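Undergrad: Take a look at the letters that make up each chain.
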Amino acid sequence: MLLEINFILLLAIILFSGFSHGMISLWKNINSVHDQIYMGRVSRDLLAILEFQLTFHTQVAKIQNVEGRCVLHCSCLGGAKEKSFFCKKYPKANAYGFYQSVQTKGKTPGINPLSPPDMGVTSFQVQRLSKRMLKVDFTLTVLGTGRHKAYTGILYLRNGVML
Amino acid sequence: MKGKSSGSIVITLVFILIMLGGLVKVFMVMLGDEITGHREISFCREFLRTGGDLMDVVLKKKAFLKTGKVTLPKIVFTKGSEELIPTVNVKVFPKVPLRRIDVQIKGKTVNLRIRKIFLEPPGGSNHPIYASNGNKPIDKKSFPRLALGDYAGYQDFFLPNKAVLDKEGLSGFLYMELSGTIFSRQYRLPLGGIIRGKGVLYNNHNIVIRADTTFPDKIWLLSTRKIILEDNVRLDNAFLYANDDIYLGHNTRVCGIIVAAKGVRKKGNATYKENKAVLETFVTPSYCY
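Just so you know, the protein sequences line up as chains A and B, in that order. Sequence positions in the first sequence follow my numbering and run 9 to 171. Sequence positions in the second sequence follow my numbering and run 3 to 291.
Calculated from the structure, these hints are not laboratory results. A quick note: this is a predicted structure, and the numbers were derived from the prediction, not measured. Beta carbons are placed, not taken as given, at the ideal position from N, Cα and C, and that holds for glycine. Any given hint could turn out to be false.
To be clear about the criterion: a stretch of chain A counts as covered by chain B if any three or more of its residues have a C-beta under 8 Å from a C-beta of chain B, and this derived list gives those stretches [as the list claims (entries may be wrong)]:
1. 56-63
2. 81-89
3. 109-121
4. 125-139
5. 153-167
Stretch by stretch, here's where chain A covers chain B in the computed footprint (C-beta under 8 Å, at least three residues) [as the list claims (entries may be wrong)]:
6. 9-17
7. 23-34
8. 39-52
9. 171-179
10. 198-204
11. 279-289
The whole structure should be built from the sequences, with the hints applied where relevant.
TA: Okay, structure coming up:
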């Protein structure tokens, strides 16, 4: 029995030393793919939130530059509510996240994060393509591993205009 | 002993292989889910975009002026994806002061419907009753009455409650309660203060605007019975229409058009300033329904 166990351990060591390089790179690749998948999901969520807001619920959209950072400002249908989308530093981490600010006229605005706390949004740019079309660029960074990727989306306004 | 030993090795190897196989399988399933999710979202995005584009074309070509239904050629976004049939349905109602555009894109598993409504004042904006200023007697025979359930098919947005008005204001839609006598009830605007946004509020019963309420934006109040504006109500850009009569409370200020079959009753120092611009066609935003 002892011999058998020793033999199996020996086999395991041989297998591991033989394929260690491959296994480590496989592990790294799995992590990389996991990060890619995670970033893909977050990017889709963020684009879907922007798309939902802009497609049917925005009357006027405008791009503002606040302290060197791009802010997408949306005036909702009816004009009673305003929403802004921007990058802002997370309170407990030295990284930027994606936030939205919602303000009903005459009330204090509420600011909420849209990106998960372990995902940084290092850049956010909006470009006006036409009166009813805009381009959104942003870069996501996984805070644990530092992997990053840039994403782009073209969004339309069906009930409003872009200033 | 030798047989047993080789058997253990085989079992271990099989176990390792199963583990690796399982890992690869999980990995593949994860990737597969991701690809499917991405494909579905892209499909929905294209789907929504096509519907919006179709609506834009109808509006640009002014194809919404005449009743008609057009079924367009089938669409397939990518090879192997489901076939979609786009339809544009425009309906102009000769008696009801309303036109609508319905854009539909239908597939086996999906169905997108986008609607836009154009509302005219009852009888059309050129009707002689809108030439009078609300104080002159109205010829009852020619009064263009709103019939019960004229807007029955367009109950996509209910009359807003306090929470909605507080949070969203009005978003430019046609808001109405269930039509029909059994379900009709008085609509009493649930709060005072400033209510932003434009909209058409239609009720098959009375509409009561509470005291100290202000509507700074364009608003149409259509009632098959009475409209009651309590004291200090301010309507800056309003069209008031009632099949019965309209009461203006103390210190009420209305700028727009007031029309009531049984006349307008003013209380105290209520003021009314005519503004015919409010009779222009009320166009709702496009919305999915």
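Undergrad: Hint by hint, note whether the structure agrees.
TA: Results of checking the hints against the structure:
1. As drawn, the region 56-63 of chain A meets chain B at 3 residues by the rule of a beta-carbon pair under 8 Å; at three or more, the given contact holds.
2. For the region 81-89 of chain A, the stated coverage by chain B holds: 6 residues have a C-beta nearer than 8 Å to a C-beta of that chain, and at least 3 were required.
3. Note: the region 109-121 of chain A has 3 residues with beta-carbon separation from chain B under 8 Å; the three-residue rule is met and the coverage holds.
4. Requiring three or more residues with a Cβ within less than 8 Å of a Cβ of chain B, the coverage given for the region 125-139 of chain A is violated, as only 0 such residues are present.
5. Residue count for the region 153-167 of chain A with a Cβ under 8 Å from a Cβ of chain B: 3. That meets the three needed, and the coverage hint holds.
6. Check on the region 9-17 of chain B: 3 of its residues sit with their Cβ under 8 Å from a Cβ of chain A, so the three-residue criterion for coverage holds.
7. With a cut-off of 8 Å between beta carbons, the region 23-34 of chain B has 3 residues touching chain A; three or more are needed, and the interface restraint holds.
8. For the region 39-52 of chain B, the stated coverage by chain A is satisfied: 6 residues place a CB nearer than 8 Å to a CB of that chain, which reaches the threshold of 3.
9. For the region 171-179 of chain B, the proposed coverage by chain A is satisfied: 4 residues have a C-beta within less than 8 Å of a C-beta in that chain, meeting the threshold of three.
10. Chain A is given as covering the region 198-204 of chain B, and this holds because 4 residues of the stretch bring a CB closer than 8 Å to a CB of that chain, at least three being needed.
11. Counting residues of the region 279-289 of chain B whose C-beta lies closer than 8 Å to any C-beta of chain A gives 3; at least three are required, and the coverage claim holds.
Comparing the model with each numbered hint stated earlier shows that hint 4 is the single one that does not hold.
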